[in-house]
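Visitor: If you're matching them up, the sequences are chains B and U in order. So that you can map any letter, position 82 of the first sequence is 82 in this note's numbering, and since no number is skipped, the others follow by simple counting. So that you can map any letter, position 549 of the second sequence is 1549 in this note's numbering, and since no number is skipped, the others follow by simple counting.
Since the hints were made in silico from the structure, they are not lab data. What you are looking at is a predicted structure, and each value in this text was computed from that prediction instead of being measured. We put the CB at the ideal spot given by N, CA and C, even for glycine. Please note that the accuracy of each hint is not assured.
To be verified - Computed Cβ-Cβ distance ranges for the label pairs, DEER-style: (1) L13/B - N1601/U: 50 to 58 angstroms; (2) A83/B - V1632/U: 41 to 49 angstroms; (3) I1641/U - F19/B: 15 to 23 angstroms; (4) Y1638/U - L13/B: 21 to 29 angstroms; (5) F19/B - D1593/U: 49 to 57 angstroms; (6) F69/B - F1636/U: 24 to 32 angstroms; (7) F1636/U - I7/B: 20 to 28 angstroms; (8) V1626/U - F69/B: 18 to 26 angstroms.
To be verified - Cross-link-like lysine-lysine pairs, in silico, DSS-like; alpha carbons within 30 angstroms at most: (9) K1574/U - K1060/U; (10) K98/B - K1611/U; (11) K1611/U - K1586/U; (12) K98/B - K1609/U; (13) K1435/U - K1507/U; (14) K1435/U - K1071/U; (15) K1574/U - K29/B; (16) K1573/U - K1176/U; (17) K29/B - K1611/U.
What follows is each chain in one-letter form.
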Amino acid sequence: MIAGISIYEIFTLTSILFFIGIYGFITRKNLISILISIELLLNASAVNFVVINKYLYPDVLQGVFFSIFIIAVAAAETALAVAIIINLYRQISSVEVKDTEIMKY
Amino acid sequence: MDISYILFIPLIPLAVFLLLGIFNQQIKPAVSGYIGVLGLAVSAALSYYAAYQYFFVSVKVEGVYQTFVEKTVWMNFTDTLHIDMGILIDPISVMMLIVVTTVSLMVHIYSRGYMKGDDGYTKFFAFLSLFSFSMLGLVLATNLFQIYIFWELVGVSSYLLIGYYYAKTSAVAAAKKAFIVTRFADFGFLIGILIVGYYAGTFDFQTLNAVNPEGEGLLLNWASSSFMGLSVITWALLLIFMGGAGKSAMFPLHIWLPDAMEGPTPVSALIHAATMVVAGVYLVARLFPMYYFVEDGFALNIVAYVGAFSSLFAAVIALTQTDIKRVLAFSTMSQIGYMMLALGVSSYKGHEGVGYMASMFHLFTHAMFKALLFLGAGSVIHAVHSNYLKDMGGLRKYMPITNITFLIAALAIAGVPPFAGFWSKDEILVAAFEKNQLIYFMALFVAGLTAFYMFRLYFGIFWGKETKYEHTPHESPISMTFPLLFLAFMSVVSGFIPFSELVTADKVGFEGHLDYTLAAVAVGTGLTGIILAWIFYKKENDLAEMFAYGFGMFYKWTSNKFYFDEIYLFVTKKIIFDLVSAPIAKFDKKYVDGTMEDIGNKTVLISEKIKGLQSGRLQDYAMFFVSGVVIVALVFIYLWI
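With the hints as extra help, turn the sequences into a complete structure.
Guide: Have a look at this one:
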């Protein structure tokens, strides 16, 4: 029951966010951009948690807590991913996806 | 009679073989020759002692020579059907012991001179000992399976010795040919043995030979089983004879024997003249009661005709061969045919069994004079360095001892009294005359031919044209002439052994006597042959060639051995290989192998195609994953909403 905003609008927003994330994840060539896309995915789901919690069980806060967890995990994950990317950069002087194909076959 | 010491007769050559074979490199040639000779000498001495004990000391029961057996069960199948290993002593095995050890000893002594300086000297003696062991084991075998084992062993030793000059392609080919042809025949032998084992339930010679004409005992079991009009056991006997015919170079399995002459000459003397090739005769003699009684001797009749035909066939071919060893090879085949036909016309009891006795008698005397002929030929080849008659002539001046001994052997084989061949051949002719006139005349004709080609050989080598030699030929050393002299002595005296009282089918001796008419006819035929040869070949002249020209096609056919090698080649190469084996091989390669290979190839091909999926790029995987989720989601939506 958020005043002035219907649930459909929020879901449309999160869906758009989510699919932008997926689109970015699949099409970006740069590892950093891919990382940003993952953040978009996580944020979309975090918003969903909060909104659904608010609409279905307004008197408990599990969904809200969950989104806080997601933010924490996302932060940790980003730190890890950036560390990996930096190390990768030291190895091959590039952050392009096409240069990281040594796992092929 | 204690027979355990007889076990040492084959075991000593085996020990010599192992010794010379294992320490091939360490033992000096000078020593190895002596080891071989010594081993065989001990064996020979034991054999002579055994023969003396058996024939003159041990007691005959009611005039019958007893059979002594000592054996252990080696493989047990049922109560009656088991394979034994042991020794069996009866008149023919004792006689064969004498033949094998005597000839083998002489050949060992001879080889010391003949093989001098050869690289494989020690190896040669090892092989000779292996052969002696196998042959003695064959002779002493107590049952069909044991004889089969040693039968194959002599085949192997024969193969090794024919292919002794392994650097020569022809020798290798000859060795393979001998092995394959005899092996093919042995396949029949094996089937025969298995049939006997199945229907009679025993391999033992004594049990098998205890048949009698009334059809009691073992015979009764077989009477009911027949195949294509003949009883099963007759088939078994025919198949066993096929094995014997292969080893004894009977028509049509004779093709390996002439080629086997590629081996060293002492080997030819030992294996392809005196001992191994008579194994077939020995085998038939060993099973003689069965051959005689089963179905009124149907199988025995076959033996007689095969023998008679081979004898004639080989004698005709021998007339035209120019390689002296090949003449002797065909002569051997002819004489073995003689022994076979003698067995074939024999009966069982008393004087009726003269054919059996004559066959064994001829086996004995033939071993002596044919070994002598081969060793003499070896001596000539040693001096002239050629196998061909055209390179010889007038050798009597250079090689007096070889000349005399060869002449004695030739007279013996031609059947001139008092040499050994006369006595045994006469008995064979008597037996044939009493039983089957057709075979008698064939045999008589062969006797004439034999005398002719033998003296063609003799005059060709020692008389005839005066050949100019590059190196003046000289008489062989004493190690080679001594065996010649000894065997010549045997060729003279062995005819006087009273065989009819010692070795007979029913083991009861009978009084042998000479049929003067038949003897006169035989001697006359032999002398005619000799005189013809004398006219043709004593002095260099064109008579022989004119004569050959007169025969035209027939001469050409004969000198090409009636194209039997070609026929066999045609059948094996053109028909079996090209028409049967090649298509089957092609089918195997194309379809059986092809299917399997295709499965593999296609898997690789498909993998190659789809391995692009595993790109290693995370984004591709994400793409697949998301597309999958979308598809699943769409399906869900379509189905449930």
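Visitor: Let me make sure I understand: some of the numbered hints might not hold for this structure. Which ones are they, in numerical order?
Guide: Hint check: 2, 9, 11, 14, 15 fail, others pass.
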